[in-house]
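Trainee: I would like the entire structure built from these sequences, with the hints used as guidance.
Here's the letter readout for the chains.
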Amino acid sequence: MKQLSGKTAIVGAYESPRRDAPRVHPFALQMECILGALDDAGLALSDVDGLCAASGDWAEGGGTMDVIELAEYIGIQPTYVNSTDVGGCSYILQAGQAAAAIAAGLAEVVVISYAACPRWWPLSTPSFDPFVFPAGPGQYEIPYAPTLISTYGLFARRHMDLYGTTPEQLAQVAVTFRGHAAANPQARLRKPITVDDVLASPMIASPLHRLDCCVVTDGGGALVMTSRERARDLKRRPVYLVGYGAAVARTQNSQIPDDLSTPAALSGPRAFAMAGMTPADIDVAQIYDAFTITPMLALEDLGFCGRGESGPFVAAGALSADGGSLPTNTDGGGLSSNHPGKRGIFTLIESVRQLRGDAPGVQVPDAKVALAHGLGGTFCSAATAILAV
Amino acid sequence: MTAMTTLPILDETSAPFWEAAREGRFLIQRCPETGLYQWYPRAHSIHAPHATPDWVEASGRGELLSYSVVHRGNSRGDPYTCALVRLEEGVTVFSRVEGIAEGDLRAGLLLAVAFHRLDETISLPIFRPPSLTGGSDA
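Protein chains in written order, with the working numbering: chain A, 1 to 389; chain B, 1 to 138.
Derived by calculation from the structure, the hints in this document are not laboratory data. All of these numbers come straight from a predicted model, not from anything done at the bench. Don't take each hint at face value.
Derived coverage of chain B by chain A (criterion: at least 3 residues anywhere in the stretch with Cβ under 8 angstroms from a Cβ of chain A; other residues may be distant) [said to hold, decoys possible]: (1) 27-37; (2) 44-56; (3) 79-86; (4) 92-98.
If we take Cβ atoms under 7 angstroms as the criterion, some of the chain B residues that face chain A in the derived model are [what the hints assert, rightly or not]: (5) Ser68; (6) Ser131; (7) Leu132.
The C-beta atom is built at its ideal place from N, Cα and C for all residues, glycine as well.
Mentor: Written out as structure tokens, the structure is:
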């Protein structure tokens with residue numbers, strides 16, 4: 001994949017400042033984001049020949065052929081599309097595949113877009129849980145009423161038993177990201193919290209408390225990608241996609257590996273190999289944080305710390321923009337800034353902002369290399385992108 | 001037990017599992033070529049993809065691998081414990097654990113299967129401490 005490194009760039013990025021969008025259809029919010037990202041790039045809707053979206057889940061507005069619905073709504077007929085839905089990291093996967101499509105000549109200007117409005121969405125579906133059919137593999141699990149959070153709880157509890165990870169260490173993740181959110185005027189929750197606050201918040205699914213869980217907001221964002229050559233002529237400093245990897249692994253809880261490794265252990269090394277880099281090269285990271293355990297397992301799989309060492313790693317302040325070795329989730333992340341349901345696109349958007357030096361909140365000085373990493377479901381899929389200027 | 005209202009939908013692959021569960025037996029699958037067990041049940045062996053797995057009766061004993069007590073979830077009702085249970089045969093199943101106070105839950109606890117009769121077709125396996133014998137209502 002090395003030949004793909006640096007061949008394409010993100011040239012436009014936009015995150016909606018909305019956190020509540022009552023009675024706004026998610027497609028309308030997507031249009032706000034698409035136009036925002038195109039304006040940022042200095043491009044027009046008529047320049048777009050590629051569209052990537054995954055808008056068929058609850059509160060996203062679309063059905064199984066969502067990318068067609070979305071294209072029609074925004075008023076284009078794209079000749080390259082990708083609506084692969086692997087959960088929250090779909091947009092990172094789509095960025096990597098868009099890079100390959102652009103480099104191969106299948107597309108020239110690709111928009112990647114996402115929005116969801118869970119706070120008002122009126123149509124009922126079973127739950128946020130991604131695997132809802134009590135048929136086939138699900139017939140052996142759905143009758144027990146697992147929740148999305150309880151599955152993360154299974155991971156967190158086993159991590160504590162295997163490696164001695166503590167609730168305080170988990171809580172530190174939320175505390176650190178809240179500290180970052182305090183500087184981001186767009187963040188949903190900005191009041192600083194302490195480890196004790198996290199531990200004192202209600203237990204949702206043990207060992208995860210309310211403040212171990214992400215916020216639920218409406219929201220959206222979009223990106224514009226094009227070739228390295230075309231990027232040079234556009235409005236903003238290009239942010240090059242230099243590394244990419246993705247993998248899918250499992251859906252059922254019974255298939256969780258003994259050592260809690262996740263498909264990030266496949267996506268991460270592929271991304272680093274494509275970039276010709278190691279974790280030591282990363283100046284700033286945006287790592288999906290649906291729950292406090294979520295980025296911890298990613299840190300291990302991506303090689304920022306050893307297997308089982310994420311507890312001491314985060315407790316020592318490694319993720320803090322204030323002196324940490326790996327400033328992470330500088331916008332406040334899903335735990336504090338926004339989480340409409342599949343927030344992978346925001347890990348790319350905040351990476352772009354960090355590399356351009358125009359972050360809305362905490363700005364890591366002189367950041368040159370950023371890592372955006374996401375997962376889908378309950379560590380079911382993973383996608384990693386490395387961006388550079 | 002806390003309401004478990006979503007019933008499994010049986011198919012040609014899974015029917016033997018649920019028929020045995022109705023009789024209080026917990027079946028798992030074994031590969032005829034490698035002798036390796038698998039869970040969850042499939043129409044093929046994940047160890048030898050062209051082979052059709054055999055059904056074998058598991059001991060029904062295992063140990064608690066991980067757990068999460070759902071206090072505020074998508075389901076109404078009292079807290080309940082979702083669990084990963086490692087069976088003696090080596091496969092891990094997802095189920096519920098009952099009969100253990102939250103504060104007494106810990107990895108490695110020995111467990112035995114029991115069955116809740118939900119209707120005339122479905123008896124759902126759950127896990128309890130082996131000392132709680134006779135708790136099955138299958």
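Trainee: Are there at least three residues in the region 79-86 of chain B whose beta carbon sits under 8 angstroms from a beta carbon of chain A?
Mentor: Held - the region 79-86 of chain B has 4 residues with a Cβ nearer than 8 angstroms to chain A, which meets the minimum of three.
Trainee: Double-check leucine 132 (chain B) for me: the hint is only fine if its C-beta lies closer than 7 angstroms to a C-beta in chain A.
Mentor: With Cβ-Cβ at 18 angstroms, over 7 angstroms, it is violated.
Trainee: Examine the region 44-56 of chain B: at least three residues should have C-beta closer than 8 angstroms to a C-beta of chain A.
Mentor: The restraint on the region 44-56 of chain B is violated, since only 0 of its residues have a Cβ under 8 angstroms from chain A and three are required.
Trainee: Is the coverage entry for the region 92-98 of chain B by chain A consistent with the three-residue Cβ rule at 8 angstroms?
Mentor: Since three or more residues must qualify, the claim that chain A covers the region 92-98 of chain B holds, with 5 doing so at under 8 angstroms.
Trainee: Do the numbers back the hint for serine 68 (chain B), that is, is its least Cβ distance to chain A under 7 angstroms?
Mentor: 3 angstroms, holds
Trainee: Are there three or more residues in the region 27-37 of chain B whose C-beta lies within less than 8 angstroms of some C-beta in chain A?
Mentor: With 0 residues close enough to chain A, the hint is violated.
Trainee: With a cut-off of 7 angstroms on the beta carbons, see whether serine 131 (chain B) makes it to chain A.
Mentor: 22 angstroms, violated
Hints 1, 2, 6 and 7 from the list above are not met by this structure, while the remaining hints are.
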